[in-house]
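K.L.:
Use the sequences and the hints to build the structure in full.
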Amino acid sequence: MERSLWIKIGTIVAVTLICIYGIVGIPKNQKELVDNFEKNIKLGLDLKGGSQLVLQVQVQDAFKAEADQVIDRLKTEVKTAGIDYGSFDRNEPTTIETADKIEIAVKGVPSAKLGDFRKIVTERFPDWNLTSTSGTDFKLNIKTTSALELRKKTVASSIRTIESRIDGLGLAESSVQQRGAAETEPEILIQMPGVDDPARIKQILQTAALLELYEVQEGPFASRDQMMNQFNGILPMGTKPMRGMGTQESWFLLKRAPVITGRDLRDSRASQDSMNNSWVTSFVLSQDASRRFGAFTEANVNKRLAIVLDNQVRSAPTIQSKITDNGQITGAANQQEANDLALVLRAGSLPASVIYLEERTVGPSLGADSIREGLYSGLAGVVAVVLVMLVYYKKSGINATIALILNAVILIAMLAYFGATLTLPGIAGIVLTIGMAVDSNVLIFERIREELRSGKSVRAAIDAGFSRAFLTIIDTHVTAVVSSAFLFIFGTTNVKGFAVTLIIGLLANLFTAVFVSKVIFDWELSGNKKVTTLSI
Amino acid sequence: MELFRDTNFDFMGNKWPLIGLSLLLTAAGLVSLAVNGGPTYGIDFKGGTLLYVKFAEKPSEEAIRTALSRKIKGEVSVVAVQGTNELMIQTEIKGEQELQSTRQTIEDTLASVYSASADKLNFTGAPAQRLYDRINLPLQKGGVFIADEDLRKLVVEILKFRDKQKGGMLANFDELSAVPGMTPQVLNVIKQESYLGKYLVRNTEVVGPRVGNELRTKALLATLYALGGMLIYVGLRFEFVYGFAAVIAVFHDTIITIGLFSLFHKEISLTVVAALLTLVGYSMNDTIVVFDRIRENLQRGRKGDMTDIVNRSVNETLSRTIMTSSLTLLTAVALWLFGGQVLNGFAFALVVGITVGTYSSIFVASPILVFWQDFMKKRGDNSRAGGATPVVPAAKKLAAK
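So the sequence lines, in the order shown, correspond to chains A and B. Counted from 1, the first sequence has number 533 at position 533 by this note's numbering; the numbering is strictly sequential. In this note's numbering, each residue's number is its place in the second sequence (first place is 1) plus 536.
Since the hints were made in silico from the structure, they are not lab data. Treat the hints with care, since some could be wrong.
Okay, the calculated beta carbon distance ranges per label pair [as the list claims (entries may be wrong)]: (1) B:Val680 x A:Leu375: 33 to 41 Å; (2) A:Asp267 x B:Glu685: 45 to 53 Å; (3) B:Asn672 x A:Ala156: 38 to 46 Å.
In silico negatives: residues of chain B with every beta carbon more than 12 Å from chain A [said to hold, decoys possible]: (4) Leu554; (5) Gly556; (6) Thr602; (7) Ser648; (8) Ala714; (9) Leu756; (10) Thr857; (11) Leu873; (12) Val906; (13) Phe907.
Even glycine gets a Cβ: it sits at the ideal position worked out from N, Cα and C.
P.N.:
Structure (structure tokens):
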């Protein structure tokens, strides 16, 4: 046998070994073989079971919060500068698209101080444009670049919070990523393979987890009307009304500025109340916050403190004595709820509320069925193709079968090496690749038959068959790869998996059908110099 | 073995009846699409709620449908999945805010129809953590000693057994005796604390209408771009008219496949679009094989007019055209028969598309070349005002290449 043939055979054996290593590693026993296989071939959530969610960040919330903050800061600045202002107000954008339309209206700035007011806004609030609406009235609009920045920041920090919540749940294989452009489509794609309780996770992700502790001015009241009546319809300066939790309606009038916010927490844990065995979520404050809280509670003994979560008063206990660094949130129905609240408090609050645009949940039993069905159909397809090849092309059919199996092995190994995820459409892609891969063999074999018929010798017919069919094979592969590439660009996760398998399969096919198959023929012919017949 | 050896069918002579058939199929598909107001889109493209629910016993579609339509406005479809005790429940969604509520309503309705117990844990579909929480305390109270780590492992094994071996549903609790590590005491506590729900939601998909609309546009664009890509590639490798003929043939395949989906009231889902795009690439293969041979025969300067050359080329490549297509068809049929519910539409599109694609490379793409040559010849004859020799223009050009 020629030396070059040995090198070619060596190459094929090496590729095969590398591929097998990629799929199962070097197993010492059958259990290790299965384990390695399961470790190397990552299953998508349609096969493993799990959940995929698409969240939309309501960025307008962040714009409103930003405007509120600007109003608060402006008031202080204006007061310090000795400007006697009229009123500040903002509008209420309700959709993502209109978030940038946020506007702060300032009314009744004294005419003598107009210059000072302008100076404060332009110097201290560079993100906002100031326009005069009439003599003493102004409006503030957020600048386009700053709006863009705020949108991006809101989505990025939502992603961070969601990531840390998911990490807190110990969902190792999950992924959180942005989908679409932050400017126009503030969407977050979350994939959680293997999750078996998606309802609970949805709840955890959607909780804003905005914890605030307020001083209670008045309350509780049985209804909002009762509260308003007590103050003749006008609430005192620096206060805000807030609803209480529970089936019975209750309202509190709170001091406008919170004493403590979620950012001041150091830790949070679920624990059992010793008094009545109910589950509570206790929290510990940071050093700086506990100093503030200590001073506050000391000065306000016998007054009530409202513990507010997501704009709802959870409880309003009376301050008995000085408290420094801890507190607890009551109202959890069970241990898991208390645990989940502790988790979201630890992970931090969301900068804006989120809604679900999409949810796909596959139960673990359906995933197992899909794997089985995928395997059966794959086996049936391969067996049928191999049988037809053996009957139709006799011994050359064996050649094609070897190429086919190697094709499948390379494809699966590449998926393992790239860390690609195997989905059900991906399995379909592998099955289909087998059907398409054999096409190249057919094209070559038919050409060889034709060359034999025209009177060429076996060796010449094989050489001509391969070289003539080669261009056709390239053409057919290019068209298939092009359409798969468009599929990849268009596709959602599952469809992408299919496109990737198809593309890899086609590329591997060039190696197996053209190179490997030729080497096998060469090897068959290398023994005897004068071959007169070919089993094809 | 060899079929189709030295065949000599007069494909081009008999092209009219078959082109007629093509037109008929295309028309039937288009009419059906027009009558049904466009293709029936799956949930991916139109938005909505879709639940696959497995039942312990054959469910009453009617009862569930009535219960659901009482609570949900708009269209509710309840369809039995053939050969199983499964139902596919689908509703439409008008606005983004209904997304979660509709799904919740469906689950609540199912729970009320099948009178789910609120006191005990539903073992069917119970997550690991819930099952653990539920049995941990009673086990301790009952004096059953089991290490925490072992109990967690046992719970995982129990659920693995339920989902992988029993398809998510047990006939009775005693089946759990087969789980490795199971003890009678633990089994008793499970029996005491939980019950076997009569149904299981195996798959939930909730898609907002806006997402669906976007995807529809993207799918259409991807298909058009892919066709454009084919036109350019084949146009460059051969001649523009070849690219044109090939793309018309593939377009024909796509229209007929979509038409058949409409005729059989099958839904166009995301995977079906994946199949269609794959077909755009695959149908091209047979056409290219025939075109390659036509070019080769033209280059050799074979005698005869274009009709003869096309006829001979189709006959010469007939064996491989049929072989390649039927082998790929075999795998598509395997997917169709054994691939299960999820892949059904995908496999159906492939089976139809591969069949039509093979036929169209012979009866659509090739005749277009003949028509083109005839047209060019006629134009040449007219301009030269007299019967010139029937030289095929493309042949000359290609031979010069």
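K.L.:
Each of the hints needs a verdict: does it hold here or not?
P.N.:
Right, here's what the structure says about each hint:
{"no.": "1", "hint": "B:Val680 x A:Leu375: 33 to 41 Å", "verdict": "39 Å, holds"}
{"no.": "2", "hint": "A:Asp267 x B:Glu685: 45 to 53 Å", "verdict": "26 Å, violated"}
{"no.": "3", "hint": "B:Asn672 x A:Ala156: 38 to 46 Å", "verdict": "40 Å, holds"}
{"no.": "4", "hint": "Leu554", "verdict": "24 Å, holds"}
{"no.": "5", "hint": "Gly556", "verdict": "28 Å, holds"}
{"no.": "6", "hint": "Thr602", "verdict": "26 Å, holds"}
{"no.": "7", "hint": "Ser648", "verdict": "18 Å, holds"}
{"no.": "8", "hint": "Ala714", "verdict": "16 Å, holds"}
{"no.": "9", "hint": "Leu756", "verdict": "10 Å, violated"}
{"no.": "10", "hint": "Thr857", "verdict": "9 Å, violated"}
{"no.": "11", "hint": "Leu873", "verdict": "7 Å, violated"}
{"no.": "12", "hint": "Val906", "verdict": "21 Å, holds"}
{"no.": "13", "hint": "Phe907", "verdict": "23 Å, holds"}
In this structure, the earlier hints numbered 2, 9, 10, 11 are contradicted, and the remaining ones agree with it.
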